[in-house]
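**Student:** Residue strings, one per chain:
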Amino acid sequence: MARTEEYQLNVGPVHPSTHGVLRFLLTMEGETIKDVEMIIGQLHRGIEKIAESRSYLQFIPYTDRLDYISGMTNNYGFTKAVEDLAGITVPKKAEYLRVFVMELNRIVNHLVCIGSLLLDLGAATMIIYGFRERHKILELFESLSGARMTFNYIRPGGVRGDIPEGFIDKAKAFLRDMPKRLDDYAQLINENEIVLMRMKGIGMLSPEDAINYGVTGPMLRGSGVSYDIRKDDPYSVYEELDFKACTRPECDTYARYIVRMDEMYESLYIAEQALDRIEHLGGPVKAHFPRIFTPPEGEVYSRIEAPKGELGFYIVSDGSTRPYRVKIRSPPFCSLQALPQMVEGLKIPDLVATFGIVDIALGDVDR
Amino acid sequence: MIFENIYDIIAFILSSAGILQRMQSYSDALGIPIAPKLIIILVESALLLVGVALMVMFLTWMERKVLGHAQARLGPMITWYHGLLQPIVDGVKLLSKEDLMPRRADKWLFFIAPMIAFVPALLVFIPIPFGCCGAIISDLPMGILYVMAVSAISPIGILIGGWASDNKYSLLGALRAAAQDLSYEIPMVLTIIGIVLITGSLSLQEIVEFQDKIWFVFLQPLGFIIFLVAAIAEMSRIPFDLHESESEFVAGFFTEYSGMKFAFFFLAEYAHLFGIAAIMTTLYFGGWHGPMIPMIPPIITSIVWFTLKVLVIIFFTMWLRATVPRVRVDQILDIGWKVMLPLALFNVFITGLLVAGGVL
Amino acid sequence: MSIQSELKTRFGDAVIETYLQKDGKPGLVLKPEALLEICNFLHDSGFDHLSLISGTDYVERMEVVYHIWSYARKENIVLKVKLDRENPVVDSVTAVWRGANWMERETYDLVGIEFKGHPDLRRILLPDPWDGHPLRRDYDMSVDQYVYIDENGKDVVTQDASKILREEALDGKN
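Residue numbers (the numbering used here), protein chains in the order written: chain A, 1 to 367; chain B, 368 to 727; chain C, 728 to 901.
Quick caveat, the hints were computed from the structure, so don't treat them as lab data.
Heads up, a few of these hints could be off.
To be verified - According to the in silico footprint, chain B covers these stretches of chain A (three or more CB under 8 Å from chain B):
1) 89–101
2) 126–132
3) 310–317
4) 337–350
As the list claims (entries may be wrong) - Simulated crosslink set (EDC-like; lysine to aspartate or glutamate; CA at most 20 Å straight-line):
5) A/K244 x A/E272
6) A/K200 x B/D697
7) C/K749 x A/E297
As the list claims (entries may be wrong) - Simulated restraints, written as ranges between beta carbons of each label pair:
8) C/F768 x A/G283: 24 to 32 Å
9) A/G87 x C/Y866: 31 to 39 Å
10) A/R132 x C/Q872: 38 to 46 Å
11) B/V456 x A/S226: 31 to 39 Å
12) B/M444 x A/L25: 39 to 47 Å
13) B/L441 x A/T27: 39 to 47 Å
14) B/M444 x A/K180: 23 to 31 Å
15) A/E37 x C/Y785: 32 to 40 Å
16) C/Y866 x A/K180: 29 to 37 Å
17) A/G87 x C/R864: 22 to 30 Å
Every residue gets a Cβ at the ideal spot worked out from N, C-alpha and C, and that includes glycine.
With these hints in hand, go ahead and build the complete structure from the sequences.
**Tutor:** Below is the structure:
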C-alpha cells in the first residue's frame, strides 16, 4: 500500500473562489479534505464599535456595507430594531415599498449567489446573465434611492421618498420579463448533467445538525426544515401577502440551489402583490421621525429573513441619541461554522461547490 | 501556368528568385550535398509555423468573441474592427511584463517547461494534410502514431512546470493534468485503431483519401463520440479543464508563470486545440475533402474546407465552455477508465468483426 | 404555561429576575453557575435555535445575552447573565449548541468575556496578539495598532507604523 502524507493547503485570502478575503487552511490527504480551518477577520471594520459613536440615523449607511449585495434588507433589519425600540408606526404604503425592494433585493442576492457558484463550478455564463438582471433591479433601486449598492433607503418611520414618476411602469415591465428569464436559467442549469454530478449528494447537512449549528435561511430550508421568519415570526406586512416558504428535503448542495431558484419566483410573486398595493395606496411614505431621536431605555432584538438567512440586530439603548451597544447577528457568520462538517472527506472541487452555496459576503461575516 | 502541387509552387518561386541555384553553388563549393528538397521543406515548415501562429492568434480572439456573445456581451471591441487586433495587443502586454520566478523554484526546469509544452504542440502538424496536392510537410507512413506519440509529450512539460514552480497549487494541477492526459490517451488511441483497421494504413494522407466518398464520422459513430470526448479532455477544455481549474487551483500548473513563459503555455494550449481539431477533421470529417469550386485552384478550396471544418470543431468546444461546468477530478477519471475505455474496446471489437466479415 | 414561568418554577433559585424586553420578548436574568443547566433544559424542551450571543460592557458589570428561539413552539426566550467586570467568566454553551462556538469566540475577542469549557477559545476577527478588547468601554481608540506578518508567518501587532513601512521597503529590495 502506498502511504500518503497529510499536508496543509492554504486557500485564500486572495483566491478566485473564496468570494472575498476568507482564508481556508485545509488539511489534505491527496486531494481529500481531512479538516478545514477558516480564518476570518481580514475585512473587520469594527462596525459594532462605530455604531456606538453614531446616531441611529447615521448608522443606517453602515448597514449597507454589511452584506453589500443586499443592502436593502440590512437597512430594514436595523430600521425594524429601532422602530421596535421606539414603537414607531409606519404608513402602509411605506411598508409595501419596503417589502417590494427587499424582495427584489433577495432576487439580486440569489442571482449573484447562483452565478458565482456556477462560476466556481466552471460555467462562466450564468454570472453574466445574473448580473444583467441584477443591473435592471439596481436601476429600479437607483431611481428610488439614488444609489446602486449603498441605498440608505429604508429609514425609521418609512422610506427615503415616494416613488418617482414612471416607476410603476418600469417595475411592471421588469416583473413581466423576469419569470421568462428565470425559466431560461432553470433550463440552462437545473437538468444539466454535470451540474447534477457536481451538486447532488455533496455537502450533506442533516436538519438536526443544521439547526444545532444555527444555520438559517435557504441553507436550512435546503435541509428540509420549513422555517422562514417571514412566515413563522411575521414582520412588516408579510402576513397580508400570499407566498410560501420554499423547502427541499435532500440536504445537499443541489437542494439549496433549488431552494434559491424557487425563492426567486416566490419573491417575484410577492413583489407583484406589493407593487399592486403601492399603485393603489396613497398617503405618506414616511412617519414623523425626529431629527434628534432619543429612544426610551431598553434592549431590543429584531430578526428578519435576509436573503442569506436570519439577520438580527440587538440594540441596547441608554436613552441617549446614540445606541449604547449594537450587536449584529449576521447569517453567513453562523452558517459558515457548519462548513467543516459539510466538506469533510470530500475533494477540493466539492469544497468550492459547497462553499459557494453557503453564500457569504465577507462584509457580513467580518463586520 | 497552373501548379498542381505546393512543392512545385515553392520550387518555382525559389528558383525564380535564384535561391535554389545559389544554394546549389554553395553546396558545390563546400562539398556538402544540400538537396533542394530540404530547402523547400524548410520553407514549407516556416509557412506552417506562420500559419499556426496566425491561427492561434485568431483562436484567442475567437474564443473571446464566442464566449462574449454567448454571455450576452460583446467581447473585445476596442482594438480595430471588432477587436481583431486584440491578440497582438495581448502579446505586447505579455512581452512587457516582468518575468517572475519563485525564489525556491527549480530554475532550469522552470525555464524549459514552457518550451517542452509548446514544441510538441507544433510538431503535431507535420504529417497532417492541410489540403490536396501536397499541402503537407511530410507524409509519414506511420503518421497517426507519430501524432499520438508527439502530443503525449506535452503533459511532461506541464508536469515539469508544475513541479518546478514550488507551489502546491501548481503541483496538484500538474498531477491532475498528468492523470487526465494518461487516462484519455488510451481510449483515444483505441478509437483510432478502428479507423486504421478499415483503411489499413497509418498514413494520414491515405486516411483522408479513403474518405473521398464517405466520412469516418458515419462509418465510426461510436468511435467518433469517444474520440470527441477524449479530444476535449486532451485539449483540456471545459468540462475537462482540470489542468487549470481556476476556481480550485488558481491557475493550475502555470500559477507561478508570468510574462513570456506564461504566453508560451497559453500559446501551447491553443496550438494544441488547433492540432487536435485538425486531427479530428482528418480522421473523421474527411480532411480537406469538400465540393471543389470551379475557377479556383483546388489547393485553395481544399485548404479553406479544412480550415472551416477545424473552426467548426473549435467553435463547438467554445460553445461547450459557455454552457457546462467542470467535472470533478475523480469523476473525470471514472469516466475515462470505466466508461470510455470499455466503449473504445467494444468499438475496436465491432469494427474488427465487420472488417473480418468483409462488410467494411 | 409560558416558558418564562416554567423556568421560574423549575429553577427557582437560579433565576434572579424576569423581565420583558422592549419588543416584548420574555427574558430571564440567571445566575452564571446555572446557565449551562438551564440551557440544556431549554434545548431538550424544544428551544433548538440559538440565535445570538451578545456581550455588553456596562462599565460596572458585564452582561452576556442569549436569544433563543424554538422552531416547534415558535417562541422566543432571552437569557441574561450578569458577570463581574474584573473577572468575566461564564460557562460555554458550545456543548448544547455547536453554533455557539464562533459567537462565543467573537464575544471573547471583542468584549473580553471568557467562556469556560469552550473547545477553542481564540480571537476570531482580530489577530491573536491584538491588545485590548475593542467593544469594552475603556478601550483606548486613540492608540493605533498595525498588523504585519513576520518571517515565520505569524501576525505581529505593533503601534509603530514605520515598522510596517520598513518591512515593505525591505521586501522591495529583496
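**Student:** Run every hint past the structure and note whether it holds.
**Tutor:** Okay, the hints, checked on the actual structure:
1. A count of 0 residues in the segment 89–101 of chain A with a Cβ less than 8 Å from any Cβ of chain B is obtained; the coverage claim is therefore unmet, three being the minimum.
2. Interface restraint, the segment 126–132 of chain A with chain B: holds (3 residues with C-beta to C-beta distance below 8 Å; minimum three).
3. Here the segment 310–317 of chain A counts 0 residues with a CB under 8 Å from a CB of chain B, which misses the bar of 3, and the coverage is violated.
4. Three residues within the 8 Å Cβ limit are the bar, and the segment 337–350 of chain A against chain B gives 4, so the coverage statement holds.
5. About 14 Å separates the Cα atoms of A/K244 and A/E272, which keeps this hinted pair within 20 Å; it holds.
6. Simply put, A/K200 and B/D697 have alpha-carbon atoms about 15 Å apart, close enough for the 20 Å limit, and the pair holds.
7. Proximity of C/K749 to A/E297 is assessed by CA-CA distance (about 8 Å); at most 20 Å being required, the pair is judged to hold.
8. In this structure the supplied range 24 to 32 Å is violated for C/F768 paired with A/G283, their Cβ-Cβ distance being about 49 Å.
9. For the pair A/G87 and C/Y866, the supplied restraint of 31 to 39 Å holds, since their beta-carbon distance comes to about 32 Å.
10. Taking the beta carbon of each, A/R132 and C/Q872 are about 43 Å apart, inside 38 to 46 Å as hinted.
11. Separated by about 55 Å at the C-beta atoms, B/V456 and A/S226 break the suggested range of 31 to 39 Å.
12. Between B/M444 and A/L25 the CB atoms are about 42 Å apart, so this pair conforms to the stated range of 39 to 47 Å.
13. Separated by about 45 Å at the C-beta atoms, B/L441 and A/T27 satisfy the suggested range of 39 to 47 Å.
14. Restraint check, B/M444 to A/K180: a C-beta distance of roughly 28 Å satisfies the suggested window 23 to 31 Å.
15. Distance hint check for A/E37 and C/Y785: the Cβ-Cβ separation is about 34 Å, which falls inside the suggested range of 32 to 40 Å.
16. In this structure the supplied range 29 to 37 Å is violated for C/Y866 paired with A/K180, their Cβ-Cβ distance being about 54 Å.
17. Range check, A/G87 to C/R864: about 28 Å between beta-carbon atoms, so the 22 to 30 Å window is met.
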